[in-house]
Each structure stands twice: as structure tokens, then as C-alpha cells.
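Asks: If you're matching them up, the sequences are chains S and L in order.
Counted the way my numbering counts, the first sequence spans residues 1 to 114.
Counted the way my numbering counts, the second sequence spans residues 1 to 114.
Among the clues, some could well be false.
Here chain S is said to cover these stretches of chain L; the calculated rule only asks that three of the stretch's residues, wherever they fall, bring their Cβ under 8 Å from a Cβ of chain S [claimed, not checked]:
no., region
1, 24–34
2, 37–50
3, 104–110
Simulated from the structure, these hints should not be mistaken for lab results.
Just so you know, even glycine gets a beta-carbon here, dropped at the ideal spot from N, CA and C.
There are 2 protein chains.
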Amino acid sequence: MLELYGCKTAYLNDVEYIEKIMLEAAQKAKATIIQQFFHQFSPHGISGTVVIAESHINIHTWPEYNFAAIDIFTCSEDMDALKACAYLKLALEAKDELISSHERGNLARIMSNE
Amino acid sequence: MLELYGCKTAYLNDVEYIEKIMLEAAQKAKATIIQQFFHQFSPHGISGTVVIAESHINIHTWPEYNFAAIDIFTCSEDMDALKACAYLKLALEAKDELISSHERGNLARIMSNE
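Isolated chain S (complex conformation) (with noise of 0.2 Å):
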């Protein structure tokens, strides 16, 4: 999960802009993408998804908070998701970051309900 905090505001609201960097990511990252679909709300904000092999990239932004929040989901030890956080920060020219990773699926408890 990465936060990015004091992000150039135009930016945030472009969501041209905003698809061609979060793909632009997701290569850096060494994803395969598969399909991405991006959302411009009214009056602001956007909202968009690149759908990977490896599970997914997403973003929402804030552009009256000039904020955006972003998952990268991978399922793959492959991908270097911190390569993408990183880009995008120098993208959105952000100016502060919160990264949090987070494991998903408990192997036993796969296990002991299979």
C-alpha cells in the first residue's frame, strides 16, 4: 500500500496523465498487464485499475487533498513493487510517502481448511 502525500494537483485530476504513469509503473515493476480501466469522477478524483497477471495496480487520487492511495497486489516474488512506488512518487511529484506491505493468506490456515 503506498500513500502519497502533496502530490502536484494537476496531475491528480488527468486521467490521462494517471493511466499512462500507472502503467508506466506496472512495466517498471516487471508486471504483465493484462487489461486497465480508469475513472474520472465529477468534479474531481480518479479512480483506476491495471489488472496483471500477478494480481493488481490501483489508485485513487484526491486532488483537493492533494493525495493518492495506491495498492499494488502481487502474487509474484518477481515483481518489484518498491520500483513502482518510487516512480510513482517522482510522477506525481509527491512530496511525502507511507508504504505498507501486507501478507495475504495464512498457509495454515489454507492448510487446515482444504
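Got chain S sorted already, so can you dock chain L onto it with the hints?
Replies: For chain L alone, coordinates are given in the frame of chain S:
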């Protein structure tokens, strides 16, 4: 975040069923559906996103582990994410679930980076 363990295998590989229950889950949560996208992987597994006005609902399934990971991302306090979780557990006949909730966007950081 919802993790569902011990789900019925056949459901996790049935893209039409997964799309149907994800849309129903969105409705039960009182979300406003904008668009959905579902992808069937070969030999197995499904990824799906429902873009909602309130953000998104997402699923990845691993039929080989009877496991599904679901994200319900909302910026609305009127949405009832737990209702969607309960419905999805029932619809996938999951034996066990794990629900965790994560706040996105730190207000103090937003304010100090405007």
C-alpha cells in the same frame, strides 16, 4: 481486507459466478457500481474488479488452495463493507474468514503537505 479459506473449489474457477456474487456484494454494501472487469486465468484462478463510486471491490481466487483474497476499498461511511464480507463468505461456502481493516490517508500528513 477479507480472506476466505476453505471455499468451494468449483466456485473459485467459475468466472460468471464470481462476477455475479461480486456485483451482489457491492449492492449489499450499498455501493454504486460504475464498471466491472473479470479475468479468468489459465489453468485456474480469477481476478476481478468492481469499480464503485466509493472506490473499488476486488477479488483474486486460488482454486488450488480453496482461497480467495478480497479488498473492499471505500471512502464512504454509508457503505456497509461487513455486509459484503458476510455475503461473500456465504456465497463461496467458505469455512473460515479473516477480516482486517486499514485506514488510508493520514489527515495530519495531508494537512502538512498541502
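Asks: Could you run down the list of hints and mark each one as holding or not?
Replies: Hints and how they fare:
For a cut-off of 8 Å, the count of residues in the region 24–34 of chain L with a CB near a CB of chain S stands at 1, and the three-residue condition is violated. Three residues within the 8 Å Cβ limit are the bar, and the region 37–50 of chain L against chain S gives 5, so the coverage statement holds. Beta-carbon proximity to chain S at under 8 Å applies to 5 residues in the region 104–110 of chain L; the threshold of 3 is reached and the given coverage holds.
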